[in-house]
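Novice: Now for the letters of each chain:
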Amino acid sequence: MRLQKLIAACFLLFTLCFVVCAQEPSATPRKVNEPTSGFIDGKVVNENGQPLAGASLFVRAVNSLGNARTTTSDLDGNFRVNGLEPALYTISGNAPAYTTVPGDPAAPVYYRIGDTVRVEMIRGGAITGTVSNALGEPVIAVRVRATLIRDARGEPPKVSSFGVNEQSTDDRGIYRIYGLRPGTYIVSAGGAGFSPSFNPYDSDLPTFAPSSTRDTAAEVTVRSGEDSTIDIRYRGEPGHIISGTAKVMGQNGASITLALAGSSIPIATMFQQVGARGFSFNGLGDGDYDLIAQEVTSNPSATLPVLALSEPKRVSIKGTDVTGIELTTRALGTISGKVLIETSKVAECQGKRPPLLAETIIRLERPEKEPDKDDLLYARMFGSSASPDTSGAFTLRNLVAGRYRFEPRFYARYWYLQSMTMTAGTAAKPQKIDAAAGWTTVKAGEQVTNLTITLAQGAASIRGRLSVPEGGAVPAMSIVLMPAEPDKADDVLRYFVSEVSGDLTFAFNNLPPGRYLASIETQPPTLAKLRQPESAPVRTKLRRAAEAKKTEIELKPCQNLVDYQFKQ
Amino acid sequence: MSFSGRYLPAVLLTILSLPTSLWAQAAPKQNIKAPRGSISGRVTLKGKGAEGVAVMLRKTETANPFETLQKATTDQDGFYRIANVPPGSYEVSPSAPAFVPTDWKEPKNKSVLVGEDENVENINFALVRGGVITGKVTDADGRPVIQQQVNIFRVEMFEQQQQSPQRQIFAAGGGQTDDRGIYRVFGLLPGRYKVGAGRSEDAFNPGFGSRSTYKQVFHPDAPDHTKATVIEIGEGSEAKDVDITLGRTMQTFAVAGRLIDGEKGLPVPNLRLGVQRILNQRYEFVSMVMMTNSKGDFVGEGLIPGKYEFYLFPNQNVGMRVETFTFDITDQDVSGLTIKLVQGTSLSGVVVLETENKAVLAKLSELQLTAFTVNTKPSNGALNSSARSPIAPDGSFQLRGLSGGDMRIGISAISNGYPPKGFSIARIERDGVTLPRGGIEMKDGEQLTGLRVVLSYGNATLRGVVNVENGELPPGARIYVRLARPGEKLSNLRTPQVDARGHFFIEGLAPGTYEVHAAVSAPQMQPRMVMREVSVQDGVTTDLTITIDLTPPQKP
Chain A
1 MRLQKLIAAC FLLFTLCFVV CAQEPSATPR KVNEPTSGFI DGKVVNENGQ PLAGASLFVR
61 AVNSLGNART TTSDLDGNFR VNGLEPALYT ISGNAPAYTT VPGDPAAPVY YRIGDTVRVE
121 MIRGGAITGT VSNALGEPVI AVRVRATLIR DARGEPPKVS SFGVNEQSTD DRGIYRIYGL
181 RPGTYIVSAG GAGFSPSFNP YDSDLPTFAP SSTRDTAAEV TVRSGEDSTI DIRYRGEPGH
241 IISGTAKVMG QNGASITLAL AGSSIPIATM FQQVGARGFS FNGLGDGDYD LIAQEVTSNP
301 SATLPVLALS EPKRVSIKGT DVTGIELTTR ALGTISGKVL IETSKVAECQ GKRPPLLAET
361 IIRLERPEKE PDKDDLLYAR MFGSSASPDT SGAFTLRNLV AGRYRFEPRF YARYWYLQSM
421 TMTAGTAAKP QKIDAAAGWT TVKAGEQVTN LTITLAQGAA SIRGRLSVPE GGAVPAMSIV
481 LMPAEPDKAD DVLRYFVSEV SGDLTFAFNN LPPGRYLASI ETQPPTLAKL RQPESAPVRT
541 KLRRAAEAKK TEIELKPCQN LVDYQFKQ
Chain B
569 MSFSGRYLPA VLLTILSLPT SLWAQAAPKQ NIKAPRGSIS GRVTLKGKGA EGVAVMLRKT
629 ETANPFETLQ KATTDQDGFY RIANVPPGSY EVSPSAPAFV PTDWKEPKNK SVLVGEDENV
689 ENINFALVRG GVITGKVTDA DGRPVIQQQV NIFRVEMFEQ QQQSPQRQIF AAGGGQTDDR
749 GIYRVFGLLP GRYKVGAGRS EDAFNPGFGS RSTYKQVFHP DAPDHTKATV IEIGEGSEAK
809 DVDITLGRTM QTFAVAGRLI DGEKGLPVPN LRLGVQRILN QRYEFVSMVM MTNSKGDFVG
869 EGLIPGKYEF YLFPNQNVGM RVETFTFDIT DQDVSGLTIK LVQGTSLSGV VVLETENKAV
929 LAKLSELQLT AFTVNTKPSN GALNSSARSP IAPDGSFQLR GLSGGDMRIG ISAISNGYPP
989 KGFSIARIER DGVTLPRGGI EMKDGEQLTG LRVVLSYGNA TLRGVVNVEN GELPPGARIY
1049 VRLARPGEKL SNLRTPQVDA RGHFFIEGLA PGTYEVHAAV SAPQMQPRMV MREVSVQDGV
1109 TTDLTITIDL TPPQKP
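Taken in sequence, the protein lines are chains A and B. Using the working numbering, the first residue of the first sequence is number 1, and each one after it goes up by one. Using the working numbering, the first residue of the second sequence is number 569, and each one after it goes up by one.
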């Protein structure tokens, strides 16, 4: 039991341990004979670009059961992990008192064998102060928590760093929370900690610095490598309890997460053992909360976790305890399918390296606006990608009901994403649905099958430069490519976007052969957005503008168009 | 500064009125009458009543170890009373982290058994302010070492180890350095201490990961404890500038190899392997998991020099174990190892009830059988010799992947691993013959089938108290009670908790005759043992008083 609990806790940590590196994976072509194993190396630097020694690095293969490979940066900040098999890897760093800028969970960065990675770590800031009671005497061993409310750019955090931002006061009532990501924080003492403990202050209402409730909490600015001081006058008012039972399906227990209503960032979590009577969160103030129960229904050591999730439950505390909450976990949906790799007979394409299934991933995309329940953590994290097995079969698991699109990523210069289709209907009368053009709906617990993703050989590329009139200021621009053939206008996989860099160069890779129209846009949508069904009017508008310009490019299979001059 | 105001926030709470049974509303409706039991006592600081101390009550056996049932706060004279306590076994603890018991032999928490509507009085705690040790940890270049564990050892620990070198050293306290390299440990008992940071060969090291490791150094810069400066801590005293200068970090190494099936020689993918470090005669836990990939290959990192042995993580449902394999890490990575999986020792059969009972039969799905081997050979993978198995609806079970040795079979609840209330193993049969109590001697790879594990179920209750005569219990004395079937050397019955007053309580016993062994042990006292036989009946509470004579033994 203890092991299972630990594993559950570990999964939680893994999902939260976000990848931190800002560098794009290299798009450079690889040798035809791919090595069967290799290394990833790199450098750890601090916020001033100076090498950072002694940082721990964790190199983990995506969607793998395997343990993370670990190493430590040397005196020059360098590191290298040998003996890696072809796979997509995420890399995270950890050094005491340092923090990282978390990556966007919606756009993770993957690394492959041969990549050189720069890992940037930022010296964290510290918040320190004294917690005292009404008589000015120290409050000893009360837990103090710093909660990030806005990051250094003034934006609400997407990824929480809970758990680590908690420290207890010492015998003088002094606390010191260090290694904090720069940004704006509120600080509280008492109340339930992120994980349960045996502490008399846990059942109190948290006192927010200087001596108030959450609504009127003082904001504390944290800067890299600096101390911020704020004292707390502890109020010690009793908090309230939310308790209930999670009804589960299997034998692994369930973890219950509590968040402020509408927030995706949990404030506390607890584990309900199988056979336990229920769960209970204490030390809560008046207000609205969301609760969700999550259960691992698979054998956690044998497969990637298969989860069951309860509907989120909104609970209001108004001056009294709330008991008897019931959360019932239900199986989540899956989408399964296969990746096909089609080779071309065109002479130019012979001998070109195909994509490795081990280095292929199918990521999920969701509509931007879904009810806030979708923000509640786990499902999104676990259900965000799948890796095909050696036969190309894959299963996207742990999907909450909703609409999905697919974003395959693969690494082979001369291949392109040709099509994504679902087969529906009966065996006698199969019906092909274009999964690239529309959203695929998954109902609660539904198992959707027969998604076929075809990667075809023959991709072309363009390297070019934008020619602009002399002396003119150049605003940030992007070039949009779209199919020139009128009957292909609706093939969203023929649309591409490339940013024009500072030296006016641009590049397109993995382009299906064919004829293209191009246009320059100052504020183009992202590629993912452009390919969504809702963007059909935008695509039509772009095509009209491009048709008027009459800039047409024809790309033959496996053609590399270099030094292409594009006139504005 | 007076003590009285220190816990004012807690006083403001007055007596917190948590619902007495937090879970009652979530559990199926029962006919619950308000419990009228209570626990009361006094918290004193240097003999004077301590005001405003939160006294917390926690159930001794619970699936959630952090489940606080109730708490109360001491009044101006130090008295507290926790009311509405349901019958049960509890731990009572004053929340006073900067304070220590007046007598260091006394536990800071007390266990208390509360009967139906019983008012338990005089659960008292005599405290004094503990000592503080604080200082800074720096590396060889004078830079602060951050997030470094600092351990505080009682000097006596090392003296005892000198007499019996096998003895492991445990820290009396500890803390972590902050981002300035500063640590502060408070609530220390008066005494003489040595303060160390880093990793040692003969102390208990709780699982090091890949974090950079330093060799243990004692304050101020002593590589071994004999040269450490001793820190004297008196009641409420503070030792400042107890600084430690560490050396260079220790280099760590990797181990790599392939896991193969010992019979077919084929690689075994997706299994979790671990290593444990062998130090003298004992095993040290190494916090590292290695997962074999599709080719059966594994890599593990962060190992400091030493002797290691592989083990397979239990409960992976393969029925195998790794063939004993040790390797040494000296000054480089070790690779190219071939680790063989061999057939584990296994036991299978059915679980049956001594007396047929449909309602009781339904409860078997909440139970599991467990087995572990007491190794007769010194190097036989201490960790891989345990297994557990659920009990299938038809009563069948399979305990697999064990190593050979003296096999012990037990039963526990799936939810918390405790022996289940009401159930015990009456006997184990094979081919109609009852196997000897205690262990079953099994060879490596032996497959024992057709076992019948006969469970008895009952709801008899034994309520006992252990008294002493001809003397008083010295400070720090402990009373132990053990239950066994007559003539049984190794009992698989649950051991009851004996509370601060010598009370114990055992529910869910199968009717029959039992031996109750009671023992008293205390520092500097010869332990005393008494055995009493008692018979219990279903649905009946039997009272038992055991008296232990403390008369000093007559010298011949």
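Don't read these hints as lab results, they were simulated from the structure. C-beta: ideal position from N, C-alpha, C; glycine also. Hints are supplied without guarantee of correctness; some may be wrong.
[What the hints assert, rightly or not] Restricting the straight-line Cα-Cα distance to at most 25 Å, the calculated cross-link-like pairs of lysine to aspartate or glutamate (DMTMM-like) are:
#, chain 1, residue 1, chain 2, residue 2
1, A, LYS541, A, ASP487
2, B, LYS808, A, GLU137
3, A, LYS338, A, ASP288
4, B, LYS616, A, GLU137
[To be verified] Okay, the calculated beta carbon distance ranges per label pair:
#, chain 1, residue 1, chain 2, residue 2, range
5, B, GLY683, A, GLU155, 56 to 62 Å
6, A, GLY250, B, GLU922, 43 to 49 Å
7, B, THR894, A, ASP76, 34 to 40 Å
8, B, ASP901, A, LEU340, 37 to 43 Å
9, A, ASP389, B, ASP901, 27 to 33 Å
10, B, PHE895, A, ASN560, 48 to 54 Å
11, A, ARG80, B, ALA708, 22 to 28 Å
12, B, PHE895, A, ASP76, 47 to 53 Å
Novice: Would you mind marking each hint as holding or not holding in the structure?
Specialist: Here is how each hint holds up against the structure:
no.	hint	verdict
1	LYS541/A - ASP487/A	holds, 16 Å
2	LYS808/B - GLU137/A	holds, 22 Å
3	LYS338/A - ASP288/A	violated, 43 Å
4	LYS616/B - GLU137/A	holds, 19 Å
5	GLY683/B - GLU155/A: 56 to 62 Å	holds, 59 Å
6	GLY250/A - GLU922/B: 43 to 49 Å	violated, 31 Å
7	THR894/B - ASP76/A: 34 to 40 Å	holds, 35 Å
8	ASP901/B - LEU340/A: 37 to 43 Å	holds, 40 Å
9	ASP389/A - ASP901/B: 27 to 33 Å	holds, 30 Å
10	PHE895/B - ASN560/A: 48 to 54 Å	holds, 51 Å
11	ARG80/A - ALA708/B: 22 to 28 Å	holds, 25 Å
12	PHE895/B - ASP76/A: 47 to 53 Å	violated, 31 Å
Hints 3, 6, 12 from the earlier list are contradicted by this structure; the remaining hints agree with it.
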